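J.: Okay, here's what each chain looks like letter by letter:
There are 2 protein chains.
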Amino acid sequence: MKNIFFIGIGLIGGSFAIDIKKSNSKVVIHGIDTNKNHLKEAQKLGIIQQKAILNDLENADLVIVSIPVDATVKLLPTILDKISDNTLVVDAGSTKDAICKAVEHHPKRRNFLACHPIAGTEKSGPTAAISGLYKGKTNIICEVEKTTFKLQEKALKLFMDIGMRIRYMDPVSHDKHIAYVSHLSHISAFMLGKTVINKEKNERDIFDMAGSGFESTVRLAKSSPAMWTPIFEQNKENVIETLEEYINNLQHFKELMQQDNFSEIFNEMENTNYIKQILNGIN
Amino acid sequence: MKNIFFIGIGLIGGSFAIDIKKSNSKVVIHGIDTNKNHLKEAQKLGIIQQKAILNDLENADLVIVSIPVDATVKLLPTILDKISDNTLVVDAGSTKDAICKAVEHHPKRRNFLACHPIAGTEKSGPTAAISGLYKGKTNIICEVEKTTFKLQEKALKLFMDIGMRIRYMDPVSHDKHIAYVSHLSHISAFMLGKTVINKEKNERDIFDMAGSGFESTVRLAKSSPAMWTPIFEQNKENVIETLEEYINNLQHFKELMQQDNFSEIFNEMENTNYIKQILNGIN
Numbered sequence: 001m002k003n004i005f006f007i008g009i010g011l012i013g014g015s016f017a018i019d020i021k022k023s024n025s026k027v028v029i030h031g032i033d034t035n036k037n038h039l040k041e042a043q044k045l046g047i048i049q050q051k052a053i054l055n056d057l058e059n060a061d062l063v064i065v066s067i068p069v070d071a072t073v074k075l076l077p078t079i080l081d082k083i084s085d086n087t088l089v090v091d092a093g094s095t096k097d098a099i100c101k102a103v104e105h106h107p108k109r110r111n112f113l114a115c116h117p118i119a120g121t122e123k124s125g126p127t128a129a130i131s132g133l134y135k136g137k138t139n140i141i142c143e144v145e146k147t148t149f150k151l152q153e154k155a156l157k158l159f160m161d162i163g164m165r166i167r168y169m170d171p172v173s174h175d176k177h178i179a180y181v182s183h184l185s186h187i188s189a190f191m192l193g194k195t196v197i198n199k200e201k202n203e204r205d206i207f208d209m210a211g212s213g214f215e216s217t218v219r220l221a222k223s224s225p226a227m228w229t230p231i232f233e234q235n236k237e238n239v240i241e242t243l244e245e246y247i248n249n250l251q252h253f254k255e256l257m258q259q260d261n262f263s264e265i266f267n268e269m270e271n272t273n274y275i276k277q278i279l280n281g282i283n
Numbered sequence: 001m002k003n004i005f006f007i008g009i010g011l012i013g014g015s016f017a018i019d020i021k022k023s024n025s026k027v028v029i030h031g032i033d034t035n036k037n038h039l040k041e042a043q044k045l046g047i048i049q050q051k052a053i054l055n056d057l058e059n060a061d062l063v064i065v066s067i068p069v070d071a072t073v074k075l076l077p078t079i080l081d082k083i084s085d086n087t088l089v090v091d092a093g094s095t096k097d098a099i100c101k102a103v104e105h106h107p108k109r110r111n112f113l114a115c116h117p118i119a120g121t122e123k124s125g126p127t128a129a130i131s132g133l134y135k136g137k138t139n140i141i142c143e144v145e146k147t148t149f150k151l152q153e154k155a156l157k158l159f160m161d162i163g164m165r166i167r168y169m170d171p172v173s174h175d176k177h178i179a180y181v182s183h184l185s186h187i188s189a190f191m192l193g194k195t196v197i198n199k200e201k202n203e204r205d206i207f208d209m210a211g212s213g214f215e216s217t218v219r220l221a222k223s224s225p226a227m228w229t230p231i232f233e234q235n236k237e238n239v240i241e242t243l244e245e246y247i248n249n250l251q252h253f254k255e256l257m258q259q260d261n262f263s264e265i266f267n268e269m270e271n272t273n274y275i276k277q278i279l280n281g282i283n
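Protein chains in written order, with the working numbering: chain V, 1 to 283; chain B, 1 to 283.
Just so you know, the hints here were simulated from the structure itself, not pulled from any lab data.
Since the model is a prediction, treat every value here as computed from it, not as a measurement.
One or more hints might be untrue.
Pairs involving identical chains hold if they fit within one copy or between any two copies, as the list cannot separate such chains.
In silico EDC-like cross-links for lysine to aspartate or glutamate, where the CA-CA straight-line distance does not exceed 16 angstroms [as the list claims (entries may be wrong)]:
#1 K135 to D161
#2 K154 to E268
#3 K154 to D61
#4 K137 to D208
#5 K236 to E255
#6 K137 to E215
#7 K254 to D70
#8 K101 to E145
#9 K26 to D97
Just chain V, with the same shape it has in the complex:
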């Protein structure tokens, strides 16, 4: 692989670009972005070597699409139209069903690999791009059987080189599971931030009293609305279901408090402490 094109050169694309260039200094990283400032910053930071446009994609060995998921759904067919027969296209979207559906009948479907690298920070843009973002992180690959063998192999080598773990899943299951472990966390953090901001008009007081616990719980409320709005839209049914369960659990907790049933409050928390084992990967 020599010519690698990034469509969207923010946190996700930029961090990929940095590590791919590190693991193979001969590649040339080309950047395509509707945000001219991002493109300029990415070039200045050395994340990309060349600015490019969509018509240049015929020269691409690999295209990485890392833009909001609504833009991916719209643009992906055009990208596949423009590439050569041997080009691999991967995406990095947090939803997979709508993206896979958008190209299911495309004549170049076999050039595309649907991916969700589960990594990121609450920051955005090329200045947020960092080396090592993907090391040890999971990359969920969907409908792997719909991609040609040769390009599957190329993609796997790429992800292995930057230290990712691979998991295979169908897009419907992906969207259902990810609603719980990622999309719901974002809403929970955003609404926690909103609740505190609404209540505490004197920000200085919040800041002084907010410990590291609040900071970590609310961290995702710093995330980009431009990235997250289309994710919630595309995964609407699953997200609403998780939200309903979350609200019911909060409501139940509140009722236990109103009933002064603190032994049950204790049990609720003790049962949930089990999350320690889960997060440690221990049974």
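Given chain V, put chain B in place with the hints provided.
T.: Same frame as chain V, now just chain B:
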């Protein structure tokens, strides 16, 4: 100060003990704990030099009470009964109103300083105690005017020596504000953990798909139920109020999704991004 007694030698007390000993090697740290294992571990780890019992408190220059807040309310009058006229007693509880009320008429009220050091981790016990836990962190002091000048001064020096920032507040305001920036975050994390555990029976799948975002949002769900149940009980009214607002905000978000009003979903998130400025302490 020579003889410092800790009542409760877990994460909070233990971390204080380590840094106090560091900043003044001549002090002798005495530990009192109903948990004999904790006491043994604390001695083994060098966090305390001596095991002690409540009757030894007459020899204390300083007593730091770092036990669950229900135990503090019960034990604090007895502690004040047992100390000498020159002993300073400070607590570290996450609620302040009930604790201040428990000793408001005690003849030794002026020996007590009500404190809430806003620091901690989701871990507990003496093995979780670390040096530097309090550096740069805020210590909220309540009803400072009810403590004698000389002991106020001693306490301030102690907190300054380990790098804490001091803020003064009345206990009612403390409990109201802390419900938003600390107590609510814990419930939000516990119920997020519960929702995901209930839904995803195959824990391996959660672990594989959970990124750093989920991990940070759910982190507080690892916290100790023995510590948090009495906090919620003592701050019941404020916590229920914050929970109601939080649930209403989540409900509103869900309704916007059901109405496909994603431009308003965008606005909700964009407005909440303001948390960045707040957490950076910038206006």
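J.: Which hint numbers does the structure go against, in order from smallest to largest?
T.: 2, 7, 9
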